[in-house]
Amino acid sequence: MSEIRSADHHTASATPFGAIEGTHWIETLNDGSPVLIRPLRPEDRQRETAFIKRLSEQACRFRFLGKLKEASPALLDQLMDVDQRSRMAFVALAHDNGELRMVGVSRYGASGDEKQCECAVTVADDWRQRGLAVLLMRRLIDIARKNGFHTMFSIDAAENEPMRELAGYLGFQRRLDPDDGTQVIHTLDL
6 MSEIRSADHH
16 TASATPFGAI
26 EGTHWIETLN
36 DGSPVLIRPL
46 RPEDRQRETA
56 FIKRLSEQAC
66 RFRFLGKLKE
76 ASPALLDQLM
86 DVDQRSRMAF
96 VALAHDNGEL
106 RMVGVSRYGA
116 SGDEKQCECA
126 VTVADDWRQR
136 GLAVLLMRRL
146 IDIARKNGFH
156 TMFSIDAAEN
166 EPMRELAGYL
176 GFQRRLDPDD
186 GTQVIHTLDL
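Under our numbering, the first residue of the sequence shown is numbered 6, with each subsequent residue one higher.
Hints in this document: simulated from the structure, not taken from any laboratory.
From the three backbone atoms N, C-alpha and C, an ideal C-beta is built for every residue, glycine too.
In silico SDA-like pairs for lysine to any residue, Cα to Cα no more than 20 Å straight-line:
| no. | residue 1 | residue 2 |
| --- | --- | --- |
| 1 | 151 | 116 |
| 2 | 72 | 61 |
| 3 | 120 | 151 |
| 4 | 58 | 85 |
| 5 | 151 | 30 |
| 6 | 58 | 83 |
| 7 | 58 | 81 |
| 8 | 120 | 153 |
| 9 | 120 | 88 |
| 10 | 151 | 92 |
| 11 | 58 | 131 |
| 12 | 58 | 80 |
| 13 | 151 | 90 |
| 14 | 58 | 103 |
| 15 | 58 | 102 |
| 16 | 120 | 178 |
| 17 | 72 | 83 |
| 18 | 120 | 156 |
| 19 | 72 | 186 |
| 20 | 58 | 106 |
| 21 | 58 | 76 |
| 22 | 58 | 129 |
Per label pair, the in silico range of CB-to-CB distance:
| no. | residue 1 | residue 2 | range |
| --- | --- | --- | --- |
| 23 | 194 | 105 | 30 to 38 Å |
| 24 | 166 | 72 | 16 to 24 Å |
| 25 | 81 | 120 | 25 to 33 Å |
| 26 | 105 | 173 | 30 to 38 Å |
| 27 | 50 | 174 | 28 to 36 Å |
| 28 | 46 | 130 | 18 to 26 Å |
| 29 | 116 | 72 | 21 to 29 Å |
| 30 | 185 | 117 | 12 to 20 Å |
| 31 | 77 | 46 | 14 to 22 Å |
| 32 | 166 | 80 | 19 to 27 Å |
All chains should be modelled from the sequences, with the hints used to inform the complete structure.
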């Protein structure tokens with residue numbers, strides 16, 4: 006039985022910090038598509054690699070603020086390094102031609118004084134405009150609050166219209182990056 010079909014909605018589990026109240030959630034997107042959302046696991050490394058390879062050039066530029074042809078082993082190590090407290094990631098998985106494919110990911114990493122965290126969200130090009138980024142970010146915002154962060158922020162390309170819309174919808178404030186006029190900083194008080 007596949008992971009997405011066998012998942013129970015809001016399954017309870019214990020974590021080192023007790024912050025995650027479930028191990029996975031089945032969510033229905035705006036178009037009726039089901040997705041499994043759960044914390045990133047070490048065994049997701051291959052899915053993460055395939056996810057990044059499938060992203061369009063623009064999606065990679067928006068996510069990594071530059072060109073990226075392929076994720077290096079060092080970048081993958083960084084992306085896979087989560088501890089469910091200071092570094093957290095949620096993945097969205099969906100069935101695609103008989104395989105469970107990563108179609109979205111949201112993540113944060115503690116920044117500076119452990120009261121702030123920097124976040125990012127990426128959705129596969131063919132899964133956009135369905136509400137997935139909102140679901141992934143709401144999970145991320147909730148766990149960041151539970152883990153004691155006071156502020157969440159992201160640094161984005163000023164031309165990234167989808168992120169501007171998402172950030173505005175979720176209540177983030179937007180300002181120009183004082184160090185780089187091609188970027189903006191979205192900030193949310195938690």
